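Sequences and hints are given; from them, build the entire structure.
For the protein sequence lines, the chains are W and F, in the order given. Residue numbering for the first sequence is 1 to 383, as defined by our numbering. Residue numbering for the second sequence is 1 to 257, as defined by our numbering.
The hints are simulated quantities; they were obtained by calculation from the structure and are not laboratory data. In this text the structure is predicted, and so the values were computed from the model without any measurement. Possibly wrong hints are sitting among the right ones.
[To be verified] Below 30 Å or equal to it, Euclidean Cα-Cα: the simulated DSS-like pairs (lysine-lysine) are:
(1) W/K139 / F/K147
(2) W/K139 / F/K122
(3) F/K72 / F/K188
(4) F/K72 / W/K275
(5) F/K147 / W/K140
(6) F/K33 / W/K275
(7) F/K72 / F/K125
(8) F/K171 / W/K275
(9) W/K203 / F/K125
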Amino acid sequence: MSDIPMSTMEPGTRPSLPPPVTETGVIGWMRHNLFASWFDTLLTVVAVILIYLIVPPFVNWVILDATWAYPPEVVSGERTAQFSDCAANSGACWIFVRARLPQFFYGFYPEVERWRVDIVLIMLAVSIFGLLSNRVKNKKPVVWFFFVVYPILAFWLLLGGWGLEPVPTRLWGGFMLTVIISSVGIVFSLPLGILLALGRRSKLPILHALCVFFIEFARGVPLLSILFMANVLLPLFLPLGMSIDILMRVLIGVTLFAAAYMAEVIRGGLQALPKGQYEGAMALGLGYWQLTRFIIMPQALRIAIPGIVNNFISLAQDTTLVAIVGLYDFLNIVRAGSRDSKWIGTEMEGYVFCALIYLICCFAMSRYSMYLERKLHTGHKKR
Amino acid sequence: MAAQAAAKMEVGTDVMIDLSGVNKWYGQFHVLKDINLSVYKGERIVVCGPSGSGKSTMIRCINRLEEHQRGKIAVEGVELTHDLKNIEQVRREVGMVFQHFNLFPHLTVLENLTLAPIWVRKMPKKEAEQVAMHYLERVRIPEQAAKYPGQLSGGQQQRVAIARSLCMNPKVMLFDEPTSALDPEMIKEVLEVMIELARSGMTMLCVTHEMGFARTVANRVIFMDRGEIIEQNTPEEFFLHPKSDRTKLFLSQILHH
Chain W
1 MSDIPMSTME PGTRPSLPPP VTETGVIGWM RHNLFASWFD TLLTVVAVIL IYLIVPPFVN
61 WVILDATWAY PPEVVSGERT AQFSDCAANS GACWIFVRAR LPQFFYGFYP EVERWRVDIV
121 LIMLAVSIFG LLSNRVKNKK PVVWFFFVVY PILAFWLLLG GWGLEPVPTR LWGGFMLTVI
181 ISSVGIVFSL PLGILLALGR RSKLPILHAL CVFFIEFARG VPLLSILFMA NVLLPLFLPL
241 GMSIDILMRV LIGVTLFAAA YMAEVIRGGL QALPKGQYEG AMALGLGYWQ LTRFIIMPQA
301 LRIAIPGIVN NFISLAQDTT LVAIVGLYDF LNIVRAGSRD SKWIGTEMEG YVFCALIYLI
361 CCFAMSRYSM YLERKLHTGH KKR
Chain F
1 MAAQAAAKME VGTDVMIDLS GVNKWYGQFH VLKDINLSVY KGERIVVCGP SGSGKSTMIR
61 CINRLEEHQR GKIAVEGVEL THDLKNIEQV RREVGMVFQH FNLFPHLTVL ENLTLAPIWV
121 RKMPKKEAEQ VAMHYLERVR IPEQAAKYPG QLSGGQQQRV AIARSLCMNP KVMLFDEPTS
181 ALDPEMIKEV LEVMIELARS GMTMLCVTHE MGFARTVANR VIFMDRGEII EQNTPEEFFL
241 HPKSDRTKLF LSQILHH
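Here it is in structure tokens:
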């Protein structure tokens, strides 16, 4: 039917034709994306060469030439594993990670008490699932559990006392410590950030000034110095004889630091809302808190999701800085492990393992935020 | 014929809104100059005038979206002061429809309508939903209840906005250029709803340039220019025998373009 030229047809009778073949399909795609010009072709060739140079050796080292299994003496229990067991293979020495995995996970937490950590982390996973899943319709009990009951329960289980064997925080470490610091930072910085952002936009001059001062101060100082200050300065301000646990100081420092960044991201979301949303709600007689809760925050937070998750991810990674005040977080304990005389030479394995775990966690967060953005999009772009 | 329709609608003697000696400034700019206006129960007033004449500002002062600096504004005897209690009381009784609808895009149409009745009027959810469906039927879009505002046309959105205000059972409705942001083919459906509302006896104060609407339902037309009320009269007198030159100029510009 396309034999008749369009120009000879009656207006109103021109059919919709499929696009030319060269624009679609594999060949069309390659022409558009890989070989559109001589420069694009050059870039494509260089990229292919780079991939060829990097990927095969890396795969060899990580998987094909790596040592995965313990030697027979270790399996039969005659001795413990060590770096020389990997001498036969040129690749990564994964039995290092295998041998040290419990410590990477629990730190120096006493072995017989580790079930407590398991319970805390399982409860965390279950309640996060409950908060995020679409299948759980009634979120109210989950929210109450997660924000009120769970923190108390978790700290009791981890710290001990009241019938449980006390475990001082200096024994906490590894992945568990990283999860604790990150979750506390994430869970408390969000509400605090919301309040700071609202305060910064408040018309009350003193409240406004206080919030601006706090946000600018916390953002103007590196996290490292905040951790130092929390460690060294905070005790000076406290009455004599009173001391706060070092982990507690770190948690407070990290949370306040993250809250300042969170406040700015949320303020961005607030400013993106058109004035009409406030006016529409006020004209209906809604008060300030109703307006904020039902109209402003749901929309501002949705706009701010990419920024908020970005903050979560960088917070999770910033927790490695607590090494500076002597805490053994995940990265630090892996490094310490590869400095053990039995495992000298396993730095690379340690870093790659750490990177992989961090990558999995942060990638999951990032994917979830993209899903959330799509889910909350209700077909409005402009207003 | 328009006169007959208007005559059928009774105008009470109770003052609904009372503005006396209202003045407002934006910085150095004097936007409202000594505005005196009484709106009676059941009255339908159309406010017109060139852009920047202060007409929107005036009606936005009535529910305190804008603050006036001198003079007195009272709605049903409740004076608008800095007292938040008074302001919220007035806003509960005064509905407002905006040029850009100002629907809440993250809520469905039904949720848009029930939010204020549930949280401001403390109405049970079931009842609020019944009320909402009643008004959606009145604006003729009950089938859109579960959709989000972003999925509706402009005309439908504005009708939802009108229904949203009506759900609060207001005593007065303010309209701030309700058809100015609409495509021409959608203006009619919104005006029809407004005309119906006027016939039901609602007290209305409309800023609009729809002179056909003014002729059909208004019992008073107010012309504003440069922050002042220049002239007010019945629609017939206003359109046929405008008194001031500024009114004549304005009418010639909007009627013969």
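Here's how the hints hold up against the structure:
1. W/K139 / F/K147: Given that 30 Å is the threshold and the Cα spacing comes to 23 Å, the pair holds.
2. W/K139 / F/K122: holds (22 Å)
3. F/K72 / F/K188: Violated. F/K72 to F/K188 sits at ~36 Å, over the 30 Å cutoff.
4. F/K72 / W/K275: Status holds; Cα separation ~26 Å.
5. F/K147 / W/K140: holds (25 Å)
6. F/K33 / W/K275: holds (26 Å)
7. F/K72 / F/K125: violated (37 Å)
8. F/K171 / W/K275: holds (25 Å)
9. W/K203 / F/K125: Cα-Cα ~33 Å, so violated.
Hints 3, 7, 9 from the earlier list are contradicted by this structure; the remaining hints agree with it.
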